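J.: Chain by chain, the residues:
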Amino acid sequence: MRTLVTAILSVSALLLLTGCWDRLEIEERAVVLSIAIDAADPEVVEKESMVNSKNRKSEHSIPVPEGKTVRVTAQIAVPGRIPLGPGGSSGSGGSSGGGNPVWVLESYGYTIDEALQSMQQEVADRMFFGHLRVIVMSEEYARRGTGNLSDYLRRNPEVRRLAWLVVSKEEAAQYMRTAPQLERVPALYLLSTMDHAVQMGKYPMEPIGSFWIKMSSLGQEANLPYLELQEKNNVRLSGLAYFKGEKLVGVTQPLEVGLFMGLSGSEQGGYSSYVRIPDSEETAMFRVSNRRSKTRAYIKNGRPAVEVTVFLEGNLTEASDQGKGNLNTQEDLQKIGKDLSDRFSDRYVTFIRYMQKKESDIFGYGEYIRAHEPAYWNRHIRTKARWQSAFKDMDVKVNVTFDIRRVGQKAQ
Amino acid sequence: MKPEKVITVVQATSILVSTIVGVGVLPLPLFAVTAAESGAPFATVVAMSIASVGLVIVTMLGMRFPKLTFPELSERIIGKWLAAPMTLLIIAFFAVLTALAAREFGTVVVTSVLKNTPIEVTVFVMLLLAALSARADVRSFSYMHMFYLPVVLVPALIIAGLSLKNSNLLYLMPIFGNRRPDFFGGVFTIAALFQGYFIMTTVIPFMRRPKKAMIASVFGMGIAGGLYLLLVVAVVAVFGPMETKNLLWPTLELAKTTALPANVLERLDAAFLSVWVTAVFTTLLSSYFLTVRNMNELLRLKDHKPFTFFMLPFVFLIAMLPENVLNLYQVIEIVGRIGLILTLLYPGALLLIAALRGLRGEAA
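These protein sequence lines map, in sequence, to chains A and B. Per the UniProt record's numbering, the very first residue in the first sequence carries number 1; after that it's consecutive. Per the UniProt record's numbering, the very first residue in the second sequence carries number 1; after that it's consecutive.
Derived from the structure by calculation, the hints contain no laboratory data. Treat each hint with caution, since some may be false.
Unchecked claim - Lysine-lysine pairs mimicking BS3-like chemistry, simulated, CA-CA at most 27 Å apart: (1) LYS5(B) / LYS247(A); (2) LYS294(A) / LYS338(A); (3) LYS384(A) / LYS245(B); (4) LYS294(A) / LYS357(A); (5) LYS202(A) / LYS397(A); (6) LYS294(A) / LYS335(A); (7) LYS294(A) / LYS165(B); (8) LYS5(B) / LYS302(B); (9) LYS244(A) / LYS245(B); (10) LYS202(A) / LYS165(B).
Note that the structure is predicted; figures quoted are calculated from it, not measured.
Construct the entire structure; sequences and hints are all you get.
T.: The following block contains the structure:
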């Protein structure tokens, strides 16, 4: 008898353990590859939203967030049309060829979730965010504040922390529709834009997870890659969008991303700089190949101060009108290295000063103060808002050493 | 009843480790940063020391009466009429602890993986599994723990180790924390996560050489505490204290950001969850086993098997009581702190009285 009971129980355990409730066939999922967030026109939202104005007239109406309206555009992979492996449309597949590999949908709402809900109304299959790789938000939306978006994505367990969140200069929705030459799936093109930028040292590896970490930190402001759409549907990484709190406050020049990476010591170097060859009118181009930085934060005269030492290594990549300048001996290279060091330290300081004016501590110097000078931090700072104003008056010193290692495969 | 002597020191150690390491690894870093922000590892070490004191007391008590189980030795020390209600309280406490652990497990699974599965099912299945396995005798019980221990330890170490490449040492400084919002409250909550150490009371009477129980305790606490500390350090160093505060289950989030080298697996949360299910299972098994063994010894029966299924509906009902996830963690916090009285102060008092009265069990 007892064995029988045990047997029944074990079998029922086996059956229950399979998790049948959550069975979902792969072709019944609408795989969302990428989404775009734009600020929307309130009147359009009024019409399209699931919560319409009639509902909101009465006293017991559904409350909606005031003045916050969004348009969400999603790119959904169409099963069978995503080219697998090389070859593309030119042959082998036959029946699978042709047609757009992705389906672009848009919807409106007062919040991200509402917009996605109403999009779900139009899609038969359940939308699945496990493969969401790129989230584009327009500059306009980011300037209004990103709290809403972050909250929604944080709560959704399907979303990866390694997805990219980028800011676009134009309407973000355009990025969902562009069809670049190199890749048939627009989302994957955006993804490789970012991944390759990281590999080439053009942008630090900072996906959405790092964005959230910086945003939560008391002594640091967040930053995101800033993209711009060019003529032929190509995408340009053209700066660093910096935040103050949860709101975007400005965008840097493309080259300043390199300065930012130098100050934070991202190892892979990728930006170049001109320098005047000594004793001549000529210029040469040097590319940074490795970077390293050391930051020391301390209190000077009762005020936070920071001293950054940046170590750069680089190679000569191009000399204009070669032959007239002297680039042939080690001494020449050392002289140029010295010159570059001075110029760079100047540019670094200018860049930090500029960010100080914007009260956006994307370098995280506040974190250094918090970590190394807890007594000062506890007495004077403690909150993010107070660090923002303390950062403004911080004393900055930057030392740079630039070592030139190689000159390429050309003698003379 | 004469217990059979089957458990070796290594087995005792693995029972201790896999009992302590359980469902608590998920919210642990959150508890630690709410206690002391960047001082989270420090708070964990303090909590670990408190738990170690409890474990040492329990072990010394067990070694003093190497042949007696906990209900028996407490009767010997303070008499039947005082000891019986206390034993009953301990039984009730571990039943509640089992229930809460199962509920916490169910909540995590339903939130993050099986979103359409009713929570009753996940909780019930887990409890059923624990109940079925708790019918085993002490020997099989110890084998189960030893078998699953590497499955729990190795992947947890890999995830913590791999995640350290994204770490930022600034987040661990200052080591005592800038603010300590609720230091002792948080420390007690973390110490409560170690409460599984009470399983030593059940293990010692069955050890081949109870004299070596202390070695098992020291190693068990060292390994479990070390793992906890490592996870706290990894989470806080990667996310920073402020971001950790935003995460309900930071350790799960850590697994989500950690990729195997060369992108073999881009996120490890699925792997981590399957490991963690094992860890939860061994913990539930232990606390369930402890409950039914103590019941058995309180009533002086030969076999604990009849109780396993008798307890199941009660434990399940308790598990279903908390209203929502926030309420659940409130309850866990309160129950955990009450539990410290039962697992730390009560054995401490027993040991003191035994020493004062000069009581001692005969050697094994």
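J.: For each hint, tell me whether it holds in the structure or not.
T.: Results for each hint:
1. LYS5(B) / LYS247(A): violated (66 Å)
2. LYS294(A) / LYS338(A): With a Cα-Cα distance of about 19 Å, the restraint between LYS294(A) and LYS338(A) holds, given a limit of 27 Å.
3. LYS384(A) / LYS245(B): holds (15 Å)
4. LYS294(A) / LYS357(A): holds (23 Å)
5. LYS202(A) / LYS397(A): Within the cut-off at roughly 25 Å; holds.
6. LYS294(A) / LYS335(A): holds (24 Å)
7. LYS294(A) / LYS165(B): Within the cut-off at roughly 18 Å; holds.
8. LYS5(B) / LYS302(B): Cα-Cα ~16 Å, so holds.
9. LYS244(A) / LYS245(B): holds (20 Å)
10. LYS202(A) / LYS165(B): holds (20 Å)
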